[in-house]
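Colleague: Listed below are the residues making up each chain.
Protein chains: 2
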Amino acid sequence: MRINEHFAKLPAGYLFPEIGRRVRAYQAAHPDAKVIRLGIGDVTEPLAPAITEAMHAAVDEMSKRETFRGYGPEQGYDFLVEAIRAHDYAARGVEIAADEIFVSDGSKCDSGNVQELFALGAKVAVTDPVYPVYVDSNVMAGRTPAAGADGRYPGFVYLVGSEANGFQPEPPAEPVDVVYLCSPNNPTGTIMTRAQLERWVAWARETDALIIFDAAYESYIADPAVPHSIFEIPGARDHAIELRSFSKRAGFTGVRCAFMVVPKTVMGVDPSGKRVALNALWSRRHSTKFNGASYIVQRGAAAAYSPAGLAQTTAQIAFYMENARFLREGLAAAGFTVFGGVHAPYLWLRTTGGMGSWDFFDRLLDRARVVGTPGAGFGPAGEGYFRLSAFNSRANVDEAIERIRAAFA
Amino acid sequence: MRINEHFAKLPAGYLFPEIGRRVRAYQAAHPDAKVIRLGIGDVTEPLAPAITEAMHAAVDEMSKRETFRGYGPEQGYDFLVEAIRAHDYAARGVEIAADEIFVSDGSKCDSGNVQELFALGAKVAVTDPVYPVYVDSNVMAGRTPAAGADGRYPGFVYLVGSEANGFQPEPPAEPVDVVYLCSPNNPTGTIMTRAQLERWVAWARETDALIIFDAAYESYIADPAVPHSIFEIPGARDHAIELRSFSKRAGFTGVRCAFMVVPKTVMGVDPSGKRVALNALWSRRHSTKFNGASYIVQRGAAAAYSPAGLAQTTAQIAFYMENARFLREGLAAAGFTVFGGVHAPYLWLRTTGGMGSWDFFDRLLDRARVVGTPGAGFGPAGEGYFRLSAFNSRANVDEAIERIRAAFA
Chain E
119 MRINEHFAKL PAGYLFPEIG RRVRAYQAAH PDAKVIRLGI GDVTEPLAPA ITEAMHAAVD
179 EMSKRETFRG YGPEQGYDFL VEAIRAHDYA ARGVEIAADE IFVSDGSKCD SGNVQELFAL
239 GAKVAVTDPV YPVYVDSNVM AGRTPAAGAD GRYPGFVYLV GSEANGFQPE PPAEPVDVVY
299 LCSPNNPTGT IMTRAQLERW VAWARETDAL IIFDAAYESY IADPAVPHSI FEIPGARDHA
359 IELRSFSKRA GFTGVRCAFM VVPKTVMGVD PSGKRVALNA LWSRRHSTKF NGASYIVQRG
419 AAAAYSPAGL AQTTAQIAFY MENARFLREG LAAAGFTVFG GVHAPYLWLR TTGGMGSWDF
479 FDRLLDRARV VGTPGAGFGP AGEGYFRLSA FNSRANVDEA IERIRAAFA
Chain X
119 MRINEHFAKL PAGYLFPEIG RRVRAYQAAH PDAKVIRLGI GDVTEPLAPA ITEAMHAAVD
179 EMSKRETFRG YGPEQGYDFL VEAIRAHDYA ARGVEIAADE IFVSDGSKCD SGNVQELFAL
239 GAKVAVTDPV YPVYVDSNVM AGRTPAAGAD GRYPGFVYLV GSEANGFQPE PPAEPVDVVY
299 LCSPNNPTGT IMTRAQLERW VAWARETDAL IIFDAAYESY IADPAVPHSI FEIPGARDHA
359 IELRSFSKRA GFTGVRCAFM VVPKTVMGVD PSGKRVALNA LWSRRHSTKF NGASYIVQRG
419 AAAAYSPAGL AQTTAQIAFY MENARFLREG LAAAGFTVFG GVHAPYLWLR TTGGMGSWDF
479 FDRLLDRARV VGTPGAGFGP AGEGYFRLSA FNSRANVDEA IERIRAAFA
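Just so you know, the protein sequences line up as chains E and X, in that order.
Using my numbering, the first residue of the first sequence is number 119, and each one after it goes up by one.
Using my numbering, the first residue of the second sequence is number 119, and each one after it goes up by one.
Keep in mind the hints are simulated off the structure, nothing from the lab.
Model, not experiment: these values are computed from the prediction.
For chains that are exact copies, the list does not tell them apart, and a pair is met inside one copy or across any two.
Straight-line distance between alpha carbons at most 35 Å, and here's what the computed DSBU-like set of lysine-lysine pairs gives: (1) LYS127 / LYS392; (2) LYS152 / LYS182; (3) LYS392 / LYS382.
Only chain E is shown next, with the shape it has when bound in the complex:
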């Protein structure tokens, strides 16, 4: 059996399993150490009561013949799709049709799978630093030769985020087919303003490119002037696909639900130059390789839009954002240079004294028993930086600040 040889171009492990390995090794050697995890962006607050009530009710429905549900619609149940349309789009002045929304079991899957729409020869642009799934899924599909000594794949166009540009790189000068953007950004916690989004949409229109817009963290936006959806920018619905998730907005990291919006007006071109609607292609992909998200999970997700669900999840997000503020202020007071953490649950620290980011990881784990994520894990431009997440209890956040301060004093 001849294997897909492109897997060999990937680094040995996906970032988070490698972090898990190092933490397990540390804990095996230090069984009494109380480690505080601010690494992987995983929520810690329990599900909102409105959501668990809806899930209990759904389990009860599944336990009776009259109300049992088997296969659901692959795109998602109407009750959830309509809630998404109304709350996430219509309420912000954006008209999205029901058949432009595709409910899934998670944004990691969606961001890994979306590249199946692209030609093998499509030129892909990614930011650096970047959420690794965008890169790895395109490597596995064979869209680039092996990485060079600098850790970069020659097949991709890299858009470097730096302190100088506020970690918001400009659109590329060279032609690309597609760019992945993420705002509020994972990993830097920084955000794109309306003007920056407008520049990207104008670029996509000028160059007939596609924007994959990952808005998994949109509910953490604090400034009412900042768009939550790229579709709030006129013209975007001809050139963008948007990814949304319930993971961080409703604590669904272990529950699994997300959705992707593919407007019917977004077109690609086939080899003959004919324009083809990506909505039809994604619909075919979704119905061929996916069988709908769990009914119980979809009922829980829909409950996040109920008045009680909105109030409860909004309070959770406010709690995490208070954590982010404590982290930001505490670490700044301790002398760290800190980015992000205002409209996102992530903080992006400059490591002290130009320390390598994996060295910083090991030092933080060893001296402070705090787990974060090395910036280099998000690409070469992340070297010298470090991501901390605001997902934890207040007590742990306070203690983490004290420990980091002491470890680097």
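Dock chain X against chain E, hints included.
Modeller: Just chain X, lined up with the frame of chain E:
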């Protein structure tokens, strides 16, 4: 944006959405007609009490900070993996390691995604008739030119199932990299004996090929001499990947849980001829593009292995198999030639008078208000046949038999 041009090689719609479209059109025109659905293989019995109890308990855990679970292990929780090892494998004398089992959100996803392991140039063999996902996912990946006038893709090797071979074709004479096999078979409801499985494993060993063995219906096997797993055949663990699902064994079509077994001894070859373990590749794929099945769902799946869960789900399967027996006997008495339905919830009818299978579909819908699945939807060799599923209430099954008898009298 240059699109994946291979999507255009697919037929216009995936089979089941096309059936859904025709049924909706019929119901719109005949709003009072009581349609009985024996088409898509969807369960109708409610979830077993042991399963819903476990899911309620899991929802409660998710509602409290101390027991809340965020991201789980991508491969699945130990409590489920261990139950699978013990009940599905060790109890049948098969040793499977925990890190050879990959829990997912459904076998449709697994059977669509598994081809990401194959080289683009890998030669794929499929049976005809066949579960369409095996074919379509390889078409979308670009492993074949467009289909010919006969509906067959020139890039694939087709193994024709016919009445003459009991719908169990022999291994191919020409070299192939990989073959998809499904037993108990979807769509024909027929089964591979131990001797037939042994012949396939011997062929795979001789030709260094890979078998993708889809055992989604194994719990419907009635004959204790028939293997439930291909790994019951000596040597198979060097040459096979197995797919299993909770959909039909525990009524999870709307709940979503499945798993794939990739023994560490299964090897492929890279372009330099080096042997590479598929387990490592699949682990990388799974952890890069998937984020674990829902915790609540995994708790429900594990409960299907508890003593109560086993008893309750076994009774459900026995109920469906009684339906299958009624259908088989009733339709045979009405003059139909019927295959399958003994170790599988599917019956495979020969259409009357050589009628085309979509014509038979329309006639059955129009005259008997019964929905089935046209054999041609599973490949050219399915033309002239028709699939009925045994998933329904006893009353509906009895009525369907009467209506079909009357419609074709």
